[in-house]
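2 protein chains.
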Amino acid sequence: MRDGRVEFEIVRKDILARIGKLKVKGKTIETPTLLPVINPWKMTIKPKELWRNGFKALITNAYLLWKRDREDVLRNGIHSYLNFPGMIVTDSGAYQILKYGSIEITQDEILNFQIGIGADIGVILDIPTRGESREEAEKSIEETIVRAREAQRIIQDTDMGWIGPIQGGGYIDLLEKAATEMEKMSFDIYAVGSPTIILERYDYPTLVDMILSVKRVVKPSHPLHLFGAGHPAMLGLAVALGCDLFDSAAYALFAYDNRYLTENGTLRLEEIEEFPCVCPICRTYKPKEVLKMEKSDRERLIALHNLFKTQEELRRVKESIRRRRLWEYLEVRTTSHPSLRDAFKRMVKYNDFIEQEAPQWSEKGIFILSDISSYRPEVVGFRKKLERYRKRRRRRCTLVIGEINEEIKIRHYKEKVDLYVFKPPYGAVPSTLLEAYPMGKTEITTSLPTHTIIESLKEAIDFLKEKYNEVRILVENEEIKTLLKEIQIKTRTILEEMK
Amino acid sequence: MRDGRVEFEIVRKDILARIGKLKVKGKTIETPTLLPVINPWKMTIKPKELWRNGFKALITNAYLLWKRDREDVLRNGIHSYLNFPGMIVTDSGAYQILKYGSIEITQDEILNFQIGIGADIGVILDIPTRGESREEAEKSIEETIVRAREAQRIIQDTDMGWIGPIQGGGYIDLLEKAATEMEKMSFDIYAVGSPTIILERYDYPTLVDMILSVKRVVKPSHPLHLFGAGHPAMLGLAVALGCDLFDSAAYALFAYDNRYLTENGTLRLEEIEEFPCVCPICRTYKPKEVLKMEKSDRERLIALHNLFKTQEELRRVKESIRRRRLWEYLEVRTTSHPSLRDAFKRMVKYNDFIEQEAPQWSEKGIFILSDISSYRPEVVGFRKKLERYRKRRRRRCTLVIGEINEEIKIRHYKEKVDLYVFKPPYGAVPSTLLEAYPMGKTEITTSLPTHTIIESLKEAIDFLKEKYNEVRILVENEEIKTLLKEIQIKTRTILEEMK
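Protein sequence lines, in the order shown, are assigned to chains W and X. With the numbering used here applied, the first sequence corresponds to residues 1 to 499, in that order. With the numbering used here applied, the second sequence corresponds to residues 1001 to 1499, in that order.
Keep in mind the hints are simulated off the structure, nothing from the lab. Quantities reported herein were computed from a predicted structural model and do not represent experimental measurements. Every residue gets a Cβ at the ideal spot worked out from N, C-alpha and C, and that includes glycine. Keep in mind that the hints are not guaranteed to be accurate.
[To be verified] Listing some non-contacts, in silico: residues in chain W with all C-beta distances to chain X over 10 Å: (1) G54; (2) G86; (3) I105; (4) E135; (5) P276; (6) R283; (7) V348; (8) R388; (9) R395; (10) E407; (11) K409; (12) Y437; (13) P449; (14) E455; (15) E497.
[Unchecked claim] 30 Å max Cα-Cα, derived DSSO-like pairs, lysine-lysine: (16) W:K458 x X:K1485; (17) X:K1499 x W:K499; (18) W:K485 x X:K1023; (19) X:K1048 x W:K384; (20) W:K286 x X:K1023; (21) X:K1458 x X:K1485.
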């Protein structure tokens, strides 16, 4: 068992998100964070400039360094070689090795090289799941696990941290299997290995499945890395699912193509009349000026903007976590892209797990902003509690639709009839719990969709009927009744026409 | 008639928003824009620093200048006095004069003073609608109109621009009346006069009523100013309604109170652990550092950030206008605050006017993101066209629910039966117009709420029944039918329980 080389202290939580302090070899960074990918042979932005701009960690490729500048890096150490005093993560270059079909290096060699150059965190020589077939995915998992076992002998006695990539691509059962095996080997940090194909397809719902299937297996005390994901639009969601580390070359690759990052996508530099951003680059230069620059200058400036934009997103997400407003943040944020919205809804599938792990109490109160609010952990948790809740073994109950008053309360108390109030999205809430958390701290800021109200009311009635011999409904507010009647008539008319 | 002193060229349009070039006295600014309010006796940020940071126009208070530094400003001119080469708007100080009950200055004097100091744009000595009573509102309108008439004699022969404030507060009929009278006097720029109380209450739906009631009267060739509104959260909506100029002291007033602007509100500086922004201030300083500074330095830095943030919002809005994506922008943006959402929905009331003024065609295509998309001008316009559309005087028609194929088309053609396809939110679309704009360019990126589908289907059927003797419904896709049946059963069950 490796232990204590990487310290990870969780300081704040919201949903499955955490703000953490990750410490290794005397260096500390705050998570969630994005590690800019530095290609040692094409540094769009120099590591020193990253450092000056507040990036405390980066990731680079050990294999590329080994291949071309081995002696120099070994002699000077990676920090001096890159001129970067922060935390340096080295990827093993597994992807490149596979891609170029090279067999010129063994895992032992690349592990020893990462140790030798003084990286702070390294990666074993895993086999990324490429392509789409299940066979390939299975093979990549098996080989990665074999290599992970073989690696233990070397990595065990080092003072650096090690990442254990969990392969399986979009095959959820395989990911779970891989996670279970990798978890046994207790790496410092785990990584969801190969989301690239899924991300390129904007298949965010599957990404939710992938992350959560790993998350359910790996202990929450380990940081979780999501390889190759750095698009601002999806970072908040990934953080909410419990990802702590991201790396991405997108800032530089986009810059190479004159693509300028915005909250929700990219714009082509040629199309921009005015930069819709306030970062130092965008406040200093005009799009036309940047367009006329030398390619290397232009790339550098766009890359910097792209990084700032990504960092801004993470800062906003962190701010939301600190205020326990991450759910609200995502409700607004995910409206920008249908696939993100679907991904957010996909989380509903994992309600039980999320509700169990997520912090349940907040002094801040809860906003019900849309139908998706019905699935926030506090609401799910409270509904579960309601299922178990039954004060005494009474035979009768009343469900009030609308507000209750003292007279109703007293009457029911005297008649020994349990009293419930219909409160969507919670459902049938015992009158005694109306002021309890979270119900008492919930502000319903929107008219919920009719469908949600009908579903919730139907559920509430069914729920009470199961518990009581006699359920009476007391309509104190005619609004819902009128709504139901209208829909009843409309749907009937339409259905008759359809016959 | 004053003419030609202020040139206003509209270069882009979306909904009622415009990107314009406003030119006066040789100075040109691009609208929509925010004029930072400069208090001559307490400059949180010096005008020169505003200029250096890309603010090409500001607004200051002529009355305060007159009161304390009259000779000096007259001698040097306002641009030299403030050390600001950009466009300077002077408010007449009507508000201060009322507030402090001063009668020491006449309208003629303050008009001549604004002319004398060389302001680029001035305001007459209007009477802002304060308080809540209708009587007060009526009085402020009457007096403002009298003064506006009296002012003509002096302002007519100047080379500067003049703003005609339209009073009435939240009283829509009074605003309309005032707008009608003021419009006759042909000021260069009109202003919605007194939204302050409404804004302080976050009563954005009423703000929509106010702006549009003025907008319907004032010619679109005039720029429209919204006094005292500068909160990032509502700027996009106000621009979409046709406001071109904003002024706000909020950046400085908030800074005075250590309040830091975000997209959706303010944070107290003491509460911030990390600035969730990438502006030069937020990238240079940490919240704790700013907190420890001298009050004047702290105020200046927060005020600058607050201005950058506001400017960023306007830049994003402009970017959306250029891409004809303002509606989509607002659909996402207004989810952040229920009152903003309600305000966006309030626009529906003005569908006819908006549809008539808004550009109808875009090569970009249309995204249906939520139920509110049903009200975008292109959808409303197309539905209106459908109402008028009827190829021949046929007796029978078929409404297809689901996709149509060639066989169905040919059969209906032969049998001389008009063929419609149900396409929410458009309703019953003639099969011949399925590829026409905007239908053919519409991407429905979400499952519309059940309620919207039912409404739309009911409307479609009613619409066809009015036009044809015989309407047949052909269900090619069972999904909607199943949905309707489910709802039918659920609502019936609930209603029975309610009896």
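Closest CB-CB distance from P276 of chain W to chain X, is it above 10 Å? At about 4 Å from chain X, P276 of chain W fails to clear the 10 Å cut-off, so the statement is violated.
Can we confirm that no CB of chain X comes within 10 Å of the CB of E455 of chain W? It is violated; E455 of chain W is separated from chain X by about 8 Å at its closest Cβ, not greater than 10 Å.
Please check whether the beta-carbon of I105 of chain W is more than 10 Å away from every beta-carbon in chain X. holds, 40 Å
Beyond 10 Å from every chain X Cβ: check whether that's true for E497 of chain W. violated, 5 Å
Hint consistency between K485 of chain W and K1023 of chain X [alpha-carbon to alpha-carbon, up to 30 Å]: Violated. K485 of chain W to K1023 of chain X sits at ~58 Å, over the 30 Å cutoff.
Quick check for students: does the CB of E407 of chain W sit more than 10 Å from each CB in chain X? At about 21 Å from chain X, E407 of chain W clears the 10 Å cut-off, so the statement holds.
Can we confirm that no CB of chain X comes within 10 Å of the CB of R283 of chain W? violated, 6 Å
If we take the beta carbon of R395 of chain W, is the closest beta carbon in chain X still more than 10 Å away? For R395 of chain W, whose nearest Cβ neighbour in chain X is about 17 Å away, the distance exceeds 10 Å, so it holds.
Checking a non-interface call: every C-beta of chain X should be farther than 10 Å from the C-beta of V348 of chain W. Is that right? For V348 of chain W, whose nearest Cβ neighbour in chain X is about 15 Å away, the distance exceeds 10 Å, so it holds.
Nearest-CB test (10 Å) between chain X and Y437 of chain W: Since the minimum Cβ distance to chain X is about 22 Å, Y437 of chain W lies beyond 10 Å and the statement holds.
Could you check that no beta carbon of chain X comes within 10 Å of the beta carbon of R388 of chain W? holds, 24 Å
Report holds if the minimum CB distance from G86 of chain W to chain X is greater than 10 Å, and violated otherwise. G86 of chain W clear of chain X: closest Cβ-Cβ about 17 Å, beyond 10 Å.
Hint check: violations occur at hints 1, 5, 6, 13, 14, 15, 18 and 19; the rest are consistent with the structure.
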